[in-house]
Each structure stands twice: as structure tokens, then as C-alpha cells.
Amino acid sequence: MKNTVKVERAKLNITQQELADIIGVSRQTINSVETQKYIPSTVLALKIATAFNTTVNAIFELEDED
Amino acid sequence: MKPSLSKYGRGLLPSYFKIVGLIVIILGFIIAFCVKPYITAGQKPLAKTITINVIIIGLFLIAWTRDKIEDEMSVHLRFQSMAVAFLFGIIFCLFHPVVSSFLNDTDLDISGQQLVMTMLLFFIFTYFLKKRSNK
Chain A
1 MKNTVKVERA
11 KLNITQQELA
21 DIIGVSRQTI
31 NSVETQKYIP
41 STVLALKIAT
51 AFNTTVNAIF
61 ELEDED
Chain B
1001 MKPSLSKYGR
1011 GLLPSYFKIV
1021 GLIVIILGFI
1031 IAFCVKPYIT
1041 AGQKPLAKTI
1051 TINVIIIGLF
1061 LIAWTRDKIE
1071 DEMSVHLRFQ
1081 SMAVAFLFGI
1091 IFCLFHPVVS
1101 SFLNDTDLDI
1111 SGQQLVMTML
1121 LFFIFTYFLK
1131 KRSNK
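Quick mapping for you: the protein sequence lines, in order, are chains A and B. Terminal number for the first sequence in our numbering: 66, no gaps in between. Terminal number for the second sequence in our numbering: 1135, no gaps in between.
In short, the hints are calculated from the structure, not lab data. A few of these clues could be false.
Unchecked claim - Going by beta-carbon spacing under 7 Å, a handful of chain A positions derived as facing chain B:
id: 1; residue: Gln16
id: 2; residue: Val25
id: 3; residue: Ser26
id: 4; residue: Gln28
id: 5; residue: Tyr38
id: 6; residue: Ser41
id: 7; residue: Leu44
id: 8; residue: Thr55
Even glycine gets a Cβ: it sits at the ideal position worked out from N, Cα and C.
Extracted from the complex, chain A is given alone in its bound form (with noise of 0.2 Å):
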């Protein structure tokens, strides 16, 4: 599952350690987030949705394999 985390973080000019403090996660998960080694739950999709001010598939959209 692709992903547009890193970009909305970069708009809002914010790092990941913040995201992760809005959200209430640690910064390894937000990476891994980021780096699509992690695919996170409907729960957290929906957070960092929320947090970036947008809906969930505008920033999560699955691939081919998915």
C-alpha cells in the first residue's frame, strides 16, 4: 500500500517526531509508516488522516499486489 505520508508532512513543514506527538505514536512507526515497512491500522490511518487535515485515501491507495 503506497502512501503520501512524507509529502503531507513536508507541506505542513513538520518532522516526524511531531507528527508522532500529534498522533500519539513513536517516531519508528510514523518511519516505518513512511517507508511502507509497516502498514498501520484503520484506527491510526484514520489519525494521521485527521492530523493532516484530509481523508485516508487521499493519503493510503493500494497497489496491485494489495
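Following the hints, complete the assembly by docking chain B onto the known chain A.
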């Protein structure tokens, strides 16, 4: 959004128990080393059992301690590490007699303590490596 850390860390010990676990392991080794000259041959098996049990308690405390920030990925990694430790436990059980016979060891069985200690070590090691790889 308020962090919901307690939700994921529920049932686990506070993070400072990692240090407590480490102290317990070190104390186990120190006490075993200090007591060694004073124990008789008959007391040796009991002393060995007590030492291994203390080390297992220490390892368990480390394994059962939550991270400073416990979130869903921590839980995910914990489950993955448990699976790896379980798999290694089975492999250890199956291959221990083979390796022992090659080394001409008469004791082909493994004790529960050996198995638990190996699985705990593997769990802690795998979890640590998985956490490190996500930095």
C-alpha cells in the same frame, strides 16, 4: 489527539522494569559466582536450578516490559518476535538431541528451563533487532 498509550501497554509492566530485569540477571550471576566456592557437590544441581530460575525471571521482566511509547507497531513487533521465538523453540527441541549426540553428550533431553530461557532470549533479541531496523 491524545496519545492512547495505556491501551497498547495494558497488561505489561512499566518501562523501568527493563532495568529491574537487568539487575536481577546480573545479581543472579554475581550470587552464583560468590556462592560457588561454598556449595557442596550435592547442592550443585539445586544451586544451578536457582541461578537459572533467577535469570529466567530477569529475562521475563525484560520481555514483559512495555516500551516508553507503546503503540500498535510495538504490539505488532511483539507478536512477530513471539512467533520467531516459538519457531526457534521448536527447532531447538528437534535439533538439540542431534547436536548433543554429535558432541557425545549423554543428556539428549532438554529441560523446560533451557527451552524457556532460549525462547525468552530469542524473543528479546528479535524484538530488539526489529525495533532497531525501524529507526
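Evaluation of the provided hints:
| no. | hint | result |
| --- | --- | --- |
| 1 | Gln16 | violated, 11 Å |
| 2 | Val25 | holds, 4 Å |
| 3 | Ser26 | holds, 4 Å |
| 4 | Gln28 | holds, 4 Å |
| 5 | Tyr38 | holds, 6 Å |
| 6 | Ser41 | holds, 6 Å |
| 7 | Leu44 | holds, 6 Å |
| 8 | Thr55 | violated, 16 Å |
Of the numbered hints stated above, those contradicted by the structure are hints 1 and 8, listed in ascending order.
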